[in-house]
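On the provided structure of chain A, position chain B as indicated by the hints.
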Amino acid sequence: MQRQWQGFYLDGQSASRYTITLHLTETGLLFRAPDGRQFSWPYRQIRQTQGAYEGEQVRLEYGDPLPQTIIVQDAKFLADLHQAASTKVDHLHNPRQRNRRLQWTVLASLALLGVTAGIYFWGIPAAAKFLASHVPPSWERQLGDSVFKHMASVGRRCTDPDRLAAIERVLGQLTAAASDARYHIQVTIIDKPVVNAFALPGGHVILLRGLLEATETPEQLAGVLAHELQHIYKQHSTRAILEQGSTSLLIAAVTGDVTGALAFGIESARALGMLRYSRLHEDEADRQGLHLLKVVGVDPAEMIAFYRTLGATHPSQVEIPSYLATHPRTEDRIAELTRLANPPPARPVSLLPGKDWKDIRSMCGHRLVSPDVESHAD
Amino acid sequence: MTLSTFKDASVRLSCGRCTTTHRVRNIHGLKPGMSASCVTCAAPFFVVAMPEMSHDGSADARSTRQIDPDRSFPAADEKVTSSNVGKKKKPRTHTTVFHGSGGSLFGIHLVNALLTLVTLGVYYFWAKVRVRSYLFSQTEFAGDRFSYHGNARELMSGAMKATFVFGVPYYALTNMGSFLGSDMAVNFGFQIAAWLFLLIFIPVAIVGARRYRLTRTSWRGIRFSFQGKAWDFIKLWLSGYALTALTLGLYYPYFSTNKQAFLIRHSYFGNEPFKFSGDGARLFRSFFTIYFIASASFLLVWQAAYGVVGLFVAERLKGSGGLGGLIVVMITVIVSLIVGLLLFRLLLLPYSVKEQRYFWEQTSVGSASFSFPITTWPYFRLKLVNLLLGICTLGLAWPWITIRNLRFITDHLTLTGVQDFDTVVQAYDAAPPTGEGLDGFLDTGFDLG
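Going down the list, the protein sequences come from chains A and B.
Going by this note's numbering, the first sequence opens with residue 970, and the numbers climb by one from there.
Going by this note's numbering, the second sequence opens with residue 40, and the numbers climb by one from there.
Since the hints were made in silico from the structure, they are not lab data.
Hints should not be assumed to be uniformly reliable.
Unchecked claim - Label pairs and their in silico Cβ distance ranges: (1) A/1115 <-> B/327: 21 to 31 Å; (2) A/1162 <-> B/334: 40 to 50 Å; (3) B/339 <-> A/1218: 42 to 52 Å; (4) A/1141 <-> B/384: 51 to 61 Å; (5) B/281 <-> A/1134: 20 to 30 Å; (6) A/1218 <-> B/384: 21 to 31 Å.
Predicted model, so just to flag it, every value in this text is computed and none were measured.
From the three backbone atoms N, C-alpha and C, an ideal C-beta is built for every residue, glycine too.
Next up, chain A with everything else stripped away, as it sits in the complex:
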C-alpha cells in the first residue's frame, strides 16, 4: 500500500495549481502547500466529486461554499485510501464496488421496464378514466362545439326535416335506453360520399352521407349510432387527451431532455403509444354499443351485418372511425361482437315500423344547407 501520493492542490482562491505530496494517515489527509502551510483534512469532512468512473481523476473537496480541492490523477489512489482509512472513508467512492453499481444499474433498468410497462398498460388508462369522470360535461361540450364548427363546415348539411326526424327517432330510442343525462346528443348529417361517422366530446354525432346510404335498415344505423354514443358516454375524446398528455410525460421521463432532433423520435414514440389506447376505446365502444342495442331490444346481428358490409366493401380501410382514431381489425371486432351477441333477443324490436328506410337514408338527395348559409347555433 502506497501512503504517499502526488497530487494537485487548488486553494479555491486563485486559479493556480500546485503540485503537492499527500500523506495518508489514520485520520486524515496530510499535505504541505507550496507556501509552507501544513494542512490536515479529516476524512469525515472530505467530499468526493470526481473519480467514480474508470480512468477518471480523483477529486476531493474540503470546506464550503468555495472548497479547497485536491486532485490525484492516478485512480489507484482510491483503493489505497480505502485500505489506509477503511471505515472513515465509507462516504467516498470505492472502486471495488463498481461492479455493484453495474448490478444496481442493470436492476434499475429492469425495474424501469417494469414500471414503464405498468404505467403504460395500466396506470395511464386508469388515471385517464378516473380524471375524465371529474371533467365537467360543459368543458367537453365546449371542445366538441369548436371541433364541430370546423367539421360541419367541410360540406353541406342534409336537413330534410321529416327524414331527419326519423333518424332522430332512432337516436332517441338509444339515448332513452342509455339514460345518461349528462349529455344532450345531437345528430348532424353531412353531404359527403365517404363512409364515415364521428363522435365529438359533449354530444355531437356526425354522420356522412356515404355511411347513411350504406345502411340497409334503421337497426344497422342504430348499431353505428350506439357505437358513437358510447364514445361520448365513455368520454373517449377526453380520455384520449389525458392519455396523450400523460404518455408525453412518460416518454419525457424515460428519454430525458426533449430538444432538437430528439423531439422527432419522441413524437413518433408518442404516436405509436397512442394507437393502443385508441384501439382500446374502439373495443369499448363496440362492446358497450352492442350492450345498448340489447337493452333497446334490437337484434345485434344487424350491427354485425353492417360491419360485415363495411369489411366487404372497404377491405383495406375498414373503418367507422370516431375522429382521428385507429381501430382494431374488423374481423376481430366482428368475432368479438358475435361472441357477445348471444343469445339473440327472442323478439327483436323494429325501430321504425312501417317506414321506408331506403327513402329515409336518401335524405341528402332532398334538401341541403350550405355551411356558409347557416351557421351552427345551439
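Then chain B, alone, in the frame of chain A:
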C-alpha cells in the same frame, strides 16, 4: 518530447508544447511504438526508439519525439506523473477533451428515469444535477476538469418561481378569452398580450439560466459568473426583435451578434472578464446571400407556379370570376413560400456554422482567444446522424446524442495565447443571487432545468 536524466537519477520528459516536465516512474515500461499524451496540455507523443539504458534506468539520449498535435493518438497507459516544474511561462494553446461515454451516461439516465417515474417527477431536478455533474466532470480543459455545483433544491425553486411569475400568468392570458367567452377582438387582444409576455420572458429566462449555470460552474476551483442585468437584455432583445421584423429579417445577423456580445461581455471567469469583439456587419454578407437566394427562389417558383397553375385552374374556374384568380394566387404563394423557407432553412446551416465559428473566434479571455474551426459538412453530418439516431431509437439514444454534440465542441475548441491562469482569483459572491419582488426576480439566477 524530450527525455533527460536528472541528478537524482530519475528520468523526466519535458513537453515541447507547454514546457512542463514530467517524471517517468518506470522507464522500462516505455517501449517503441507506445503513445501517450502530455498530462498538462494533452499534446500527443509516442515513443520512437529507446535510448541505451544504464542498469539504474537512467537514459541520456533524446529519442522520443513530439508528433503533430493535430493527429490524435489513443492515450496509452501513462507512465508519467505530472510535476509542474516549468515555471517559465510562454503563451500556449490549450485544448478541450471530453472523456465521457454514452454507456455511462445511459446508466445514469436509466436510474434517473426510474427514480423520476417512481417519485412522480419530483426526482427530475436531482436527475438533472446528476447528468450535469457527469458531463461537466468529464470535460477537461488544459488538463483540468470542470465541476458543476448546482443542486436540486435550487433548480426546483427556480422552476417554481418561473412557473408562478411567468407560467401561470401566461397560461391565464392565453386562455382568458375562451374562458370569459368574449368576442374575437378581445380574445385577439389577450393572445397578443400573452405573446408579448412570452417575448419578455424569453430574455429573462436566458439571462437567468446563464447566471445560474455560470455561477455553478468551476474550473480549477474558480467559479464563473454572469453580471449582466436582465433589464438591459430585455431592451436589447425587444429592439432587436422589432428591427428584425421591420427589416424583414435582414437585421438578424446584427441582432444575433448583439445578443452574443451581451452574453459574453458580462461573463467572468473568477475576476477575469470574457471579451467579445464581434461585429454583425461581418456576418451580414453571408446572411444576405442566403436571404437573397431564398427570396429569389421564392419569386421564381411563384412566377412559375402561377403560370402553370393558372393555365390549368383558369379553365375550371372560368365561372367564378375574381375569386378563382385570388385562389390561384394564394395557392402559388403558399407553395413558393414553402419552397423558399425550406431552402432558407437548409442554407441557414452553413450560415450557423460560420456564425458559431465567428462568435468563438471573437471571444477572448485575458490575452488568450478561442478558436473553433468547424466546417459545414461535419456539422451537417453530426446533426443528420443525431436526427436519425433520435428517430430510429424513438428518443432512447439521448445519452449518445448528447455526447456526440459535446464531443463535437470539445474536439474543435481551443484557447490560444494563454500567459498565465495564476493571476485569476476567485470573485464569487457566496450568497446565491436573490432579490425582492419582480424587479429582483429579473436578476435572480434561476434555471428552467
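Structure-based check of all given hints:
1. A/1115 <-> B/327: 21 to 31 Å: violated, 43 Å
2. A/1162 <-> B/334: 40 to 50 Å: Cβ of residue 1162 of chain A to Cβ of residue 334 of chain B: about 43 Å, so the range 40 to 50 Å holds.
3. B/339 <-> A/1218: 42 to 52 Å: holds, 46 Å
4. A/1141 <-> B/384: 51 to 61 Å: holds, 55 Å
5. B/281 <-> A/1134: 20 to 30 Å: Violated: the Cβ-Cβ distance is about 59 Å, outside 20 to 30 Å.
6. A/1218 <-> B/384: 21 to 31 Å: holds, 30 Å
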